[in-house]
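Number of protein chains: 2
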Amino acid sequence: MKPQGNEMANGLTPNNGLDLNDPSQYHTDGQLFLTEAFKIIMTEVLRKGTDVNEKVCEWRDPDELSALLDLELRDKGEEQPQLLQRVQDVAKYSVKTSHPRFLNQQFAGVDYHSLTGRFLTEALNTSQYTYEAAPVFVLMENEVLRKMRAMVGWTDGDGIFCPGGSISNMYALNLARYKTFPQVKGQGLWALPRLAVFASKESHYSVQKGASFLGIGMDNVFVVKADSRGCMIPEDLDEKIALAKSQGAVPLLVHATSGTTVLGSFDDLNRTADVCQKHKIWMHVDAAWGASVLFSKQHRHLMNGVNRADSVTWNPHKMLLTGLQCSVILLKDTTGLLNQSHSASATYLFQQDKFYDMSLDTGDKSIQCGRKVDCLKLWLMWKALGSEGFAARIDKAFALARYVTEELVKRDGFQLLEKPQYVNVCFWFIPPSLRGKNKDADYQERLAKVAPVVKERMTKKGSMMVGYQPQGDNVNFFRLVVLSPYVSQQDMDFFLDEIERLGKDL
Amino acid sequence: MKPQGNEMANGLTPNNGLDLNDPSQYHTDGQLFLTEAFKIIMTEVLRKGTDVNEKVCEWRDPDELSALLDLELRDKGEEQPQLLQRVQDVAKYSVKTSHPRFLNQQFAGVDYHSLTGRFLTEALNTSQYTYEAAPVFVLMENEVLRKMRAMVGWTDGDGIFCPGGSISNMYALNLARYKTFPQVKGQGLWALPRLAVFASKESHYSVQKGASFLGIGMDNVFVVKADSRGCMIPEDLDEKIALAKSQGAVPLLVHATSGTTVLGSFDDLNRTADVCQKHKIWMHVDAAWGASVLFSKQHRHLMNGVNRADSVTWNPHKMLLTGLQCSVILLKDTTGLLNQSHSASATYLFQQDKFYDMSLDTGDKSIQCGRKVDCLKLWLMWKALGSEGFAARIDKAFALARYVTEELVKRDGFQLLEKPQYVNVCFWFIPPSLRGKNKDADYQERLAKVAPVVKERMTKKGSMMVGYQPQGDNVNFFRLVVLSPYVSQQDMDFFLDEIERLGKDL
Numbered sequence: 031m032k033p034q035g036n037e038m039a040n041g042l043t044p045n046n047g048l049d050l051n052d053p054s055q056y057h058t059d060g061q062l063f064l065t066e067a068f069k070i071i072m073t074e075v076l077r078k079g080t081d082v083n084e085k086v087c088e089w090r091d092p093d094e095l096s097a098l099l100d101l102e103l104r105d106k107g108e109e110q111p112q113l114l115q116r117v118q119d120v121a122k123y124s125v126k127t128s129h130p131r132f133l134n135q136q137f138a139g140v141d142y143h144s145l146t147g148r149f150l151t152e153a154l155n156t157s158q159y160t161y162e163a164a165p166v167f168v169l170m171e172n173e174v175l176r177k178m179r180a181m182v183g184w185t186d187g188d189g190i191f192c193p194g195g196s197i198s199n200m201y202a203l204n205l206a207r208y209k210t211f212p213q214v215k216g217q218g219l220w221a222l223p224r225l226a227v228f229a230s231k232e233s234h235y236s237v238q239k240g241a242s243f244l245g246i247g248m249d250n251v252f253v254v255k256a257d258s259r260g261c262m263i264p265e266d267l268d269e270k271i272a273l274a275k276s277q278g279a280v281p282l283l284v285h286a287t288s289g290t291t292v293l294g295s296f297d298d299l300n301r302t303a304d305v306c307q308k309h310k311i312w313m314h315v316d317a318a319w320g321a322s323v324l325f326s327k328q329h330r331h332l333m334n335g336v337n338r339a340d341s342v343t344w345n346p347h348k349m350l351l352t353g354l355q356c357s358v359i360l361l362k363d364t365t366g367l368l369n370q371s372h373s374a375s376a377t378y379l380f381q382q383d384k385f386y387d388m389s390l391d392t393g394d395k396s397i398q399c400g401r402k403v404d405c406l407k408l409w410l411m412w413k414a415l416g417s418e419g420f421a422a423r424i425d426k427a428f429a430l431a432r433y434v435t436e437e438l439v440k441r442d443g444f445q446l447l448e449k450p451q452y453v454n455v456c457f458w459f460i461p462p463s464l465r466g467k468n469k470d471a472d473y474q475e476r477l478a479k480v481a482p483v484v485k486e487r488m489t490k491k492g493s494m495m496v497g498y499q500p501q502g503d504n505v506n507f508f509r510l511v512v513l514s515p516y517v518s519q520q521d522m523d524f525f526l527d528e529i530e531r532l533g534k535d536l
Numbered sequence: 031m032k033p034q035g036n037e038m039a040n041g042l043t044p045n046n047g048l049d050l051n052d053p054s055q056y057h058t059d060g061q062l063f064l065t066e067a068f069k070i071i072m073t074e075v076l077r078k079g080t081d082v083n084e085k086v087c088e089w090r091d092p093d094e095l096s097a098l099l100d101l102e103l104r105d106k107g108e109e110q111p112q113l114l115q116r117v118q119d120v121a122k123y124s125v126k127t128s129h130p131r132f133l134n135q136q137f138a139g140v141d142y143h144s145l146t147g148r149f150l151t152e153a154l155n156t157s158q159y160t161y162e163a164a165p166v167f168v169l170m171e172n173e174v175l176r177k178m179r180a181m182v183g184w185t186d187g188d189g190i191f192c193p194g195g196s197i198s199n200m201y202a203l204n205l206a207r208y209k210t211f212p213q214v215k216g217q218g219l220w221a222l223p224r225l226a227v228f229a230s231k232e233s234h235y236s237v238q239k240g241a242s243f244l245g246i247g248m249d250n251v252f253v254v255k256a257d258s259r260g261c262m263i264p265e266d267l268d269e270k271i272a273l274a275k276s277q278g279a280v281p282l283l284v285h286a287t288s289g290t291t292v293l294g295s296f297d298d299l300n301r302t303a304d305v306c307q308k309h310k311i312w313m314h315v316d317a318a319w320g321a322s323v324l325f326s327k328q329h330r331h332l333m334n335g336v337n338r339a340d341s342v343t344w345n346p347h348k349m350l351l352t353g354l355q356c357s358v359i360l361l362k363d364t365t366g367l368l369n370q371s372h373s374a375s376a377t378y379l380f381q382q383d384k385f386y387d388m389s390l391d392t393g394d395k396s397i398q399c400g401r402k403v404d405c406l407k408l409w410l411m412w413k414a415l416g417s418e419g420f421a422a423r424i425d426k427a428f429a430l431a432r433y434v435t436e437e438l439v440k441r442d443g444f445q446l447l448e449k450p451q452y453v454n455v456c457f458w459f460i461p462p463s464l465r466g467k468n469k470d471a472d473y474q475e476r477l478a479k480v481a482p483v484v485k486e487r488m489t490k491k492g493s494m495m496v497g498y499q500p501q502g503d504n505v506n507f508f509r510l511v512v513l514s515p516y517v518s519q520q521d522m523d524f525f526l527d528e529i530e531r532l533g534k535d536l
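Same order as they appear, the protein sequences are chains Y and F.
Quick note on our numbering: the first sequence kicks off at 31 and runs consecutively.
Quick note on our numbering: the second sequence kicks off at 31 and runs consecutively.
Extracted from the complex, chain Y is given alone in its bound form (with noise of 0.2 Å):
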């Protein structure tokens, strides 16, 4: 299309390459281009990525992975089919987390309907503020966390789609303050007394980061003791809190924990519920990890109490396979406290004349602004699954936890450090050179290193991947994380025998 005076004008002349006025073309290519590299994401991340006879990573030290990857940012631009060789890189040297031998996090596997939902929200490409910009969403999100309360035991309530489960925890602080000291949104903490925090020694650290973050402070952040089996004590949350107050601080909220981060225990949410309820303080409870076994008939019992609380971390990205990120933070409250100790009511955003009932324009519930959609992908599998698929695969990954755990204690060389609660399955594999000796502070040491060596040997071998770390008096110890229902038993038999083959001459 030839272009007009005030074109020109303009600078609106052709010469940067296109013809504003006919952007056709540029659809049509970039479609071309998305559907290529389809091709490349199917055959490569999903087909071999899955595949068992495939390697779970490619190992490269940085700097030649930098290299390879040519990562530097330049001032041309590159050819579509440089751009797919770069989509096939990316694939190539990025670890598998859906492969059967990734058992490094607290996420793995795939499932196909989120992924689907996944795509479909990146190409939507909205945010999750108003319902003008986003209305299907704004109904879709009220719909899961209402579904997901109901699951929690609660008939009404609130929440929001959060990003990370670290951050649906800062909310939950926040909601917390708020709701006893109102005037903190405005005054700050200056014009309140010292507030406590209480949290087991197992929690996540995301306690500390929160309280940090919010201003209140690590240190006020006070340790409770677990049970040898990583469970938060009752008995020493009550004199915790005993301790803060003749501190001379409030106690604000108890952090309690459903599937801690290594050992995947379960606090006793009732005996918990009965310590704050006996000093008035907000519950609330990161079942970010364990909230999951909610769907599981056989399994809920280890939330008994969870009705109990005020508020509710759920990571669906972990246990339900949703992919990075799904989290929420459920409320008990009807009283609109999220709205209340988040709203900044910006007129550009959340006018108040629009012609629609304005409460769903639920964005100011958020401390975020755009806020990326992500409920769809569970939303989708939800609708796929239905309740009884989710429970099936809770199950599972329950029965394929509790065979490695059964394999693992028949075999020499492996050592459970408890019996899990969860599919978190943390144990040593001691080496024919320390098997029989006695357990002392040069054995220790000599343990502390094995985990290491065979962790560094299974990545560059690409043979499989899972984590280790020490704990309190524990040297570094494996933990296996045991959540794709998509692996096998043969899976599990090999994770071991790789161990054994791995660490037999440390």
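Mixed in with the good hints, there may be bad ones.
Intra- or inter-copy, both count: the list cannot distinguish identical chains.
[Said to hold, decoys possible] Distance condition first, Cα-Cα at most 30 Å in a straight line; then the derived DSSO-like pairs of lysine-lysine:
id: 1; residue 1: Lys231; residue 2: Lys209
id: 2; residue 1: Lys78; residue 2: Lys384
id: 3; residue 1: Lys327; residue 2: Lys106
id: 4; residue 1: Lys490; residue 2: Lys384
id: 5; residue 1: Lys384; residue 2: Lys231
Bear in mind the hints are in silico, worked out from the structure with no lab data behind them.
Following the hints, put chain F in place on chain Y, whose structure we already have.
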């Protein structure tokens, strides 16, 4: 495969639908579903959703939409054809934000290379915290941040991708606070004097949200005057700092803006820096919306002085079309402030005896734990376009905004608020019945009702979407945000014609 005895004992019987030792059918079925859904996404979202002859939105009242979507989540799962219909429905009733007539928010348009990066990110599903879990993305994030810092004018520094600009702005607050008062991390705000934050009345509402969330309090945000173009007045900033000091508060951070939300104004950064330097205050530039002008030789002068800032927020998901979410906080700091202020040293992630350079485990710089990968979409798009391609796009968007501004002032019934500095075109539509009337209270009241009605009509018709808002003494006016370079002059002309059509009887 026949189940073995111990499978039965462990509950691993195949009667719950799948043989755990043969998940291949699961993958085959799932990949087929995804492939079918991809076709729907291509047709409904990307072809029809960008076609100017299709509607930009398919308005339904909330109750009707709820019923159409059948949102309820049930115990039983659904069959694939029904699920594909759901994909279709979600696409149909969602707003088409890539449509050339979507000018409603600070995001619009589609970049297919970015979208490819987003699909690949979703398929690879990992968390941006350690080199072992995300080798490609740790290196890539570092490179993208390095390049963005270079555009700000820094040869060194730090930074991190955050879930949105509001949280990026909160990082700046926390870093400024920690730098001056490192004891805040442990002891909280009670150990500190009252802090004061400074931001213009045109700044984004996340300053208020951040001050509240971080325990500083909204009342401790001193609101600085802006001139009629929406730019912060440095003399008033200086006075507000003196006022805060006189009240015994410690000035913590000046929050300047490059590209305000409503008017698209750019604060004078050099003059702001002079004031910050004089008072030795952290200078943060919220350039979430505006920073992309740095690509343009023609327009980067708007941010002269940005190199003098301590931190900068930049959201590529706005002007650069990466898609939500893509936001960074960039820092001039080279002392490791990001890590010091946020670290909690979780031993299960950030082991200190790994076999690779552990400084690559950058996750402890974040307030999050699991963190979505947001760098790939930007990196791949940058590789495709080069910095020059971005510059051309930015220049085109400016030219289009200038074009529509010029056309608008030629017409009766359109009145600009201010000549735009950026691509926000703010104006009133004065319907014939109000033209030439006295601008008294009655006039203002009637004018205020015009934009909501025109907005309702365009939305229900599906012809276009554009936002409106009141601001200060200004009653409701339209804010046209021209950011996608893949809209045409005809679209701009249509926009003005359509407002006239929809509002002529008011």
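Each hint, compared with the structure:
no., hint, result
1, Lys231 - Lys209, "both (26 Å within a copy, 28 Å between copies)"
2, Lys78 - Lys384, "between (50 Å within a copy, 28 Å between copies)"
3, Lys327 - Lys106, "between (58 Å within a copy, 15 Å between copies)"
4, Lys490 - Lys384, "between (59 Å within a copy, 13 Å between copies)"
5, Lys384 - Lys231, "between (49 Å within a copy, 24 Å between copies)"
Hint compliance for this structure: every hint is met.
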